[in-house]
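On the provided structure of chain A, position chain B as indicated by the hints.
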Amino acid sequence: MRLKRSHRLPGIDALSTANIVFLVMLFFIVLCSTNADTGIERRLPPAIDADNKPEKIAPRNLLCVYITSNDELYCNGRLTAFGDLRAFVKRFVDNPSNNPGLPEKSKVALPEFGVQYITDKHVISVQCERNTKYQAYIDVQNELNAAYNDLRNELALRTWSKNFDNLTESQQLAVCQYYPIHISEAEPFLKGGRQ
Amino acid sequence: MTHRFRKERRLKLPSLNFFAIPNIVLLLVFFFVASSHIRQGNSNTGVYMPLASELQHVDKRAHVTYITIKSNGAGQNIIFVDKNQVPLSMLTNVMKARRASLEPDERQYLVVSLRVDKDMTMGVISDVKQALRHAQVLNICYAAMPEQQ
Chain A
645 MRLKRSHRLP GIDALSTANI VFLVMLFFIV LCSTNADTGI ERRLPPAIDA DNKPEKIAPR
705 NLLCVYITSN DELYCNGRLT AFGDLRAFVK RFVDNPSNNP GLPEKSKVAL PEFGVQYITD
765 KHVISVQCER NTKYQAYIDV QNELNAAYND LRNELALRTW SKNFDNLTES QQLAVCQYYP
825 IHISEAEPFL KGGRQ
Chain B
3 MTHRFRKERR LKLPSLNFFA IPNIVLLLVF FFVASSHIRQ GNSNTGVYMP LASELQHVDK
63 RAHVTYITIK SNGAGQNIIF VDKNQVPLSM LTNVMKARRA SLEPDERQYL VVSLRVDKDM
123 TMGVISDVKQ ALRHAQVLNI CYAAMPEQQ
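Respectively, the protein sequence lines represent chains A and B. Residue numbers for the first sequence follow the numbering used here, so the first one is 645 and each next one is one higher. Residue numbers for the second sequence follow the numbering used here, so the first one is 3 and each next one is one higher.
Derived from the structure by calculation, the hints contain no laboratory data. There is no bait here: all hints are sound.
A few chain B residues that face chain A, going by a derived Cβ cut-off under 8 Å, partial list only:
| no. | residue |
| --- | --- |
| 1 | Leu28 |
| 2 | Leu30 |
| 3 | Ser55 |
| 4 | Val60 |
| 5 | Leu140 |
Note that beta-carbon positions come from the ideal geometry of N, C-alpha and C, so glycine has one too.
Only chain A is shown next, with the shape it has when bound in the complex:
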């Protein structure tokens, strides 16, 4: 009887695995970061060559934001305070009164909204000098993003009484199509920003 009892396998001490796995977890927490890269996304136009000519843009559809090396701001050749930029861009993109001096509206069928008149041909071009500070350029790009985000949020509140972030995915997509972002990264040093 006694012999038989000593045949039992001793239990493995599994308590230390908890410590080991905790170490693995801490290793991953240190190595990884949950916040992915953040920034301001833009798309560059393709390089200009023989078979890829830039399109002509009607003057009313173009907003030229020019940043001098002294951080002065010119919107279509007119000196503008940085604080006024957002309202200026919002009025330009939205064109609420169908002003002939602001971008033309075209009839577009949108999901969720049906047929709407939107300024889908507008272009905002940001230009600067070689000595313009990068922070000033990012401030302007940030303000442009803020203008679009404001417009989208206002549209969402008007239509569904919800903030843009709380909309469903298809609603968000429709709102983004209502106010498409057209910010040109082309020709950074084009003359004509300051007339």
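What follows is chain B alone, placed relative to chain A:
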């Protein structure tokens, strides 16, 4: 009656079962692995990125290449592609090679994150952007830090 008394004598605190803890912590590990991404590039390069409030997150599917531009202290600008220093004249070729190394249907997800010091001037950034255009790498992201409010 006797039966009930005997039962009370045997009452003892049961010991905790610790065998489940490794499983729980492993679950936590998997959670962290799934919800985060491995830090790439060099985060301590002395680049002070500009501040902005309207930030976007780079798509999870994106193949991110980091281009770092900073001053070397002697008034010259140096450009890094991921961790390798690249002269401006070679940048188009380097990015073309990087684009060619991806599968054709993955190329649209190639994103360049521009990590530029906020005190740089736009001249060198425009030169880099022109080089990227010639390499047909068109998705860029101006990396920025969230503004403290």
